[in-house]
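Trainee: Now for the letters of each chain:
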Amino acid sequence: MKPLIIKATEDTPEIIFDPLNNVFKISNVSLPENAIEFYAPVLAWLKKYREEANPTTVFDFNIEYLNTASSKQIFELIFLIDKINQKSNVVIRWHYDKIDEDMHALGIRFTNLVNVKFEMVEYEKSILDEDQDDDDENFF
Amino acid sequence: MIRRKNINKPLKITYDLFQRVENGDFEYIYRGNFTQTLTRKILSLAETNLQKLVDKSSLQNRIYFIMVEGLQNVTRHQDDLSGSSGDTGDTGDFSGIFAIQKKGNRYLITTGNLIVNSKVDSLKQRLERVNSLDREELKNLHREILSTGELSDKGGAGLGLIEMARRSGNKLSFDFEYVDLYWSYFYLQTEIPSRGELGIEEHDITDNESIKSIKSLNHLLSKKDILLNFNGNFNQNNILSLLSIIKGQMSMSSPAKKVYYIMVEMLQNISKHGENIEDYPDGNSGIFYLSQTEDDFILTSGNYVESSKVDVFKERLEFINELNEDELNDYFNKILLDQSAVDPQKTGLGFIDIRLKSHRKIAFDFTKVNDDYSFFTLQTSIKLK
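So the sequence lines, in the order shown, correspond to chains A and B.
Residues are numbered in our numbering as their position in the first sequence, beginning at 1, plus a constant of 950.
Residues are numbered in our numbering as their position in the second sequence, beginning at 1, plus a constant of 232.
No wet-lab data here; the hints were simulated from the structure.
Any given hint might turn out to be false.
[To be verified] Label-pair restraints from in silico Cβ distances:
1) A/K997 <-> B/N337: 51 to 57 Å
2) A/E987 <-> B/V352: 54 to 60 Å
3) B/S454 <-> A/L1063: 43 to 49 Å
4) A/E987 <-> B/E279: 26 to 32 Å
5) B/L569 <-> A/K1037: 19 to 25 Å
6) B/K541 <-> A/E987: 45 to 51 Å
7) B/E409 <-> A/L1063: 56 to 62 Å
8) B/S454 <-> A/K1048: 30 to 36 Å
9) B/L569 <-> A/E987: 19 to 25 Å
10) A/I956 <-> B/S454: 43 to 49 Å
[Unchecked claim] Not close to chain A: a few residues of chain B, all C-beta gaps over 10 Å, as computed:
11) K244
12) N293
13) S364
14) R375
15) T380
16) K444
17) I509
18) N602
Beta carbons are placed, not taken as given, at the ideal position from N, Cα and C, and that holds for glycine.
Let the hints inform the model, and build the full structure from the sequences given.
Mentor: Structure representation (structure tokens):
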């Protein structure tokens, strides 16, 4: 099956669903105005993947920010992943920033609504970030 | 400091602030500390707006140049503040201000910052000198300073002023407001006409309404602890720039994350569901501002809604406000599981999310504008901790 690769933009996430290399991840931010439109092809791809899923699939959700319109669509994805789980072995790794209690809470919310196995993965943004503050750089 | 327990009261000022700006125009104001990162974000926000609004790139360049000069001025004087041992007296307010406004065919760029009283006279003289010169004389003075290397003690501020006057084709408007024995607040405003030739020098600076209006606005914003105010048409482009300013400005913390999330919902709510009284193709008119008190960040948005929908909105907000945390969570899950809830924003998911993240009730107000439209103000707050 052909992989699904969507490059990140300023307001949509990077998506790599690559069965051959067994890499499945969503990262960056998800703030599109029209989340339904953005996630439609992703959902369509997953429906197909469900028919020929790898024996084991690990989905990494590593989203830094998302709007509520995206939460609804992400849940649609998870709902489908839950169905894949009935056929093959699936794990969702939910990554969240240590200081982001709301992203953590959203992951927990999802685990309570589906059966698929969730792993909560905490990270510290301050360590990952090379640096935001480029104040000493001469801009002008 | 006065604690603001009741956040309902100031809701009415949102509409007053909003009305300052006409449809199709905009006003973006930032108050606070100016860092280079922030300066860059402000420039990029303004740039996005300018590209859409200004079709002549020479005009864009002029506006951009004047913004850069103005912002540099504020950061430079800010350095003075941190280095000085001066007492800021009762003001305690080091905030600089930057504003870009579009009013019809005019662009106004205003900066404001504290300066020590002892520098007021020499700065005033320099400004008056610049204003007394015509185009040719400005050009000559510019050349003269470059060749003699005679710069003001403040790293070329003299040249900056000359260039601002030259590029705007206008006199510089300015005002010094006495703060206390040590400080004055210095306002500088440049007007850039978008039509006509450069060098329209009959611009009347003796009766400058717009600098007065910025002054009173600055007092109001300062009284309400407003850090950032965007008043104009909201579209995804503006929203992303505003978000990136917030992200760059706030230190990474749990409340900052919450502010960001809630801002996304409020801003997209305007751009998706707001109404325009007059036809305007590029985004819905609205206002957003962020304030900071001793205890909280306060987020306020305002936009038009159809008067006929007010009752439905009210009912929904009152319903959501009545729910406790468990009920809110149940309702959130219900919407997630409901396959028919295609557009979650129509189901109030955004409001539920705001309540869950803020742990507070949502304050709101509807002001009837006419039979067709009402102005909807929404406010929430996040504990600073």
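Trainee: Does each hint hold? Answer for all of them.
Mentor: Going down the list of hints, with the structure as the test:
1. A/K997 <-> B/N337: 51 to 57 Å: 53 Å, holds
2. A/E987 <-> B/V352: 54 to 60 Å: At 57 Å between Cβs, range holds.
3. B/S454 <-> A/L1063: 43 to 49 Å: 46 Å, holds
4. A/E987 <-> B/E279: 26 to 32 Å: 27 Å, holds
5. B/L569 <-> A/K1037: 19 to 25 Å: 22 Å, holds
6. B/K541 <-> A/E987: 45 to 51 Å: Hint violated: Cβ distance 25 Å, outside 45 to 51 Å.
7. B/E409 <-> A/L1063: 56 to 62 Å: 58 Å, holds
8. B/S454 <-> A/K1048: 30 to 36 Å: Check passed, 35 Å falls within 30 to 36 Å.
9. B/L569 <-> A/E987: 19 to 25 Å: 22 Å, holds
10. A/I956 <-> B/S454: 43 to 49 Å: 45 Å, holds
11. K244: At roughly 28 Å from the nearest Cβ of chain A, B/K244 sits farther out than 10 Å, so the non-interface label holds.
12. N293: 15 Å, holds
13. S364: 29 Å, holds
14. R375: 22 Å, holds
15. T380: It holds; B/T380 is separated from chain A by about 24 Å at its closest Cβ, greater than 10 Å.
16. K444: 31 Å, holds
17. I509: Correct as stated: the minimum Cβ-Cβ distance to chain A is 22 Å, above 10 Å.
18. N602: 28 Å, holds
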